[in-house]
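Number of protein chains: 6
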Amino acid sequence: MKYGARNTIKAKVKSVKKGDVMALVKFDVIQADEMASVLTTESVEAMGLQPGDEIQLIIKAIHVLPVKA
Amino acid sequence: MKYGARNTIKAKVKSVKKGDVMALVKFDVIQADEMASVLTTESVEAMGLQPGDEIQLIIKAIHVLPVKA
Amino acid sequence: MKYGARNTIKAKVKSVKKGDVMALVKFDVIQADEMASVLTTESVEAMGLQPGDEIQLIIKAIHVLPVKA
Amino acid sequence: MKYGARNTIKAKVKSVKKGDVMALVKFDVIQADEMASVLTTESVEAMGLQPGDEIQLIIKAIHVLPVKA
Amino acid sequence: MKYGARNTIKAKVKSVKKGDVMALVKFDVIQADEMASVLTTESVEAMGLQPGDEIQLIIKAIHVLPVKA
Amino acid sequence: MKYGARNTIKAKVKSVKKGDVMALVKFDVIQADEMASVLTTESVEAMGLQPGDEIQLIIKAIHVLPVKA
Chain S
307 MKYGARNTIK AKVKSVKKGD VMALVKFDVI QADEMASVLT TESVEAMGLQ
357 PGDEIQLIIK AIHVLPVKA
Chain C
307 MKYGARNTIK AKVKSVKKGD VMALVKFDVI QADEMASVLT TESVEAMGLQ
357 PGDEIQLIIK AIHVLPVKA
Chain B
307 MKYGARNTIK AKVKSVKKGD VMALVKFDVI QADEMASVLT TESVEAMGLQ
357 PGDEIQLIIK AIHVLPVKA
Chain V
307 MKYGARNTIK AKVKSVKKGD VMALVKFDVI QADEMASVLT TESVEAMGLQ
357 PGDEIQLIIK AIHVLPVKA
Chain E
307 MKYGARNTIK AKVKSVKKGD VMALVKFDVI QADEMASVLT TESVEAMGLQ
357 PGDEIQLIIK AIHVLPVKA
Chain H
307 MKYGARNTIK AKVKSVKKGD VMALVKFDVI QADEMASVLT TESVEAMGLQ
357 PGDEIQLIIK AIHVLPVKA
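Residue numbers (our numbering), protein chains in the order written: chain S, 307 to 375; chain C, 307 to 375; chain B, 307 to 375; chain V, 307 to 375; chain E, 307 to 375; chain H, 307 to 375.
Just so you know, these hints were derived from the structure itself, not from any lab.
Careful, some of the hints might be misleading.
Chain copies aren't distinguished; within one or between two, either way the pair holds.
Unchecked claim - DSSO-like, lysine-lysine: derived pairs with alpha carbons at most 30 Å apart: (1) Lys308 to Lys320; (2) Lys332 to Lys374; (3) Lys316 to Lys374; (4) Lys332 to Lys320; (5) Lys308 to Lys318; (6) Lys332 to Lys308.
Start from the sequences and build out the full structure, keeping to the hints where you can.
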């Protein structure tokens with residue numbers, strides 16, 4: 307399968323908490339070598355992002371899509 | 307700083323490609339131990355997600371927010 | 307009303323499940339002729355997307371905004 | 307493959323427009339019978355959503371993920 | 307019109323920058339009294355969020371949907 | 307801290323409602339002068355967006371990320 311997304315992380319399910327409508331699933335990361343972000347060129351310039359910069363990548367859990375073979 | 311998000315990945319900028327409005331930034335992952343996903347309880351049940359399952363996490367680059375100290 | 311979004315689907319509410327904070331609403335589709343996706347040009351090339359390709363469009367329920375006249 | 311998402315639409319690529327960083331892809335819908343939305347229970351009540359209501363579903367193109375077998 | 311979203315800000319277009327595929331639009335805020343955020347209960351507890359806390363709300367521009375009457 | 311996002315709103319927590327998995331937090335806005343939206347150039351043209359237009363900005367609560375110093 308090919309996905310229209312730049313980030314694929316291999317992971318193993320650690321815990322599942324089922325709520326009435328939404329559920330929270332935790333994973334141990336198996337492999338995550340490279341990540342990609344798309345943002346406005348304005349934001350890149352306001353941050354002064356350059357190769358070598360150490361940063362944090364913040365991702366809301368709601369934007370993470372699990373796929374199971 | 308405390309963020310209202312469950313996923314924080316430490317990473318280093320590898321490349322920056324600035325377009326006319328949007329930019330694509332690539333990162334080498336320094337540390338990503340645990341990830342979390344929120345989805346409907348229906349989806350969890352349709353997938354039969356259980357601890358130990360190996361899965362892939364797909365994340366569109368647009369949903370990745372870089373933060374720089 | 308004009309919306310800053312490329313996808314509009316006409317639909318009828320089939321069921322409503324109200325949870326403590328979030329609710330899940332199901333719809334029967336009345337009309338959905340065309341859809342649009344924005345992704346990185348890199349992803350389009352990695353997928354080799356071309357006119358005529360049959361694909362699946364995956365959309366998390368959280369990204370679907372109901373509007374009622 | 308099983309996806310942690312409630313909406314799957316079968317579609318055929320109609321056009322591809324590649325920009326410098328982002329691309330816009332248009333699809334003809336082959337099949338889209340049912341859709342689902344997650345929103346706050348507060349929003350459901352403010353809208354007075356009930357079975358039978360005809361509504362529009364608005365989805366930004368950026369939230370549509372193409373998957374190709 | 308009723309929207310399945312908790313945040314509505316009245317604003318006036320200040321500038322429009324059209325790129326090849328994506329565009330960046332800036333607005334002057336006319337009215338924004340209240341905002342709402344949905345996050346995991348875990349995140350709320352990790353942040354120790356309580357009434358009276360002063361915080362920042364970060365929103366990627368891609369998640370802002372303009373609607374024109 | 308510098309964020310890869312165009313919108314920052316200063317606000318004060320008004321109420322916190324914790325559900326089993328997700329929580330809804332309400333804020334009083336302290337300061338929100340300017341907002342930005344990214345959408346397709348096609349959408350901008352379909353809407354005929356021009357400086358001076360009064361519009362509404364709709365944002366699902368799930369896309370609002372609180373950050374606390």
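Structure-based check of all given hints:
In the homo-oligomer, the alpha carbons of Lys308 and Lys320 lie at most 30 Å apart both inside one protomer (26 Å) and across protomers (18 Å), since each shortest distance falls under that limit. In this assembly of identical chains, the alpha carbons of Lys332 and Lys374 lie at most 30 Å apart whether taken from the same copy (15 Å) or from different copies (23 Å). When the C-alpha separation of Lys316 and Lys374 is checked against a cutoff of 30 Å, the pair qualifies both within a copy, at 10 Å, and between copies, at 19 Å. Proximity of Lys332 and Lys320 under a CA criterion of 30 Å is satisfied in both settings, with 5 Å inside one chain copy and 28 Å between copies.
Taking CA atoms no more than 30 Å apart as the test, Lys308 paired with Lys318 passes in both settings, with 20 Å inside one copy and 15 Å between copies. Taking CA atoms no more than 30 Å apart as the test, Lys332 paired with Lys308 passes in both settings, with 24 Å inside one copy and 17 Å between copies.
This entry satisfies every hint, going by the numbered hints stated previously.
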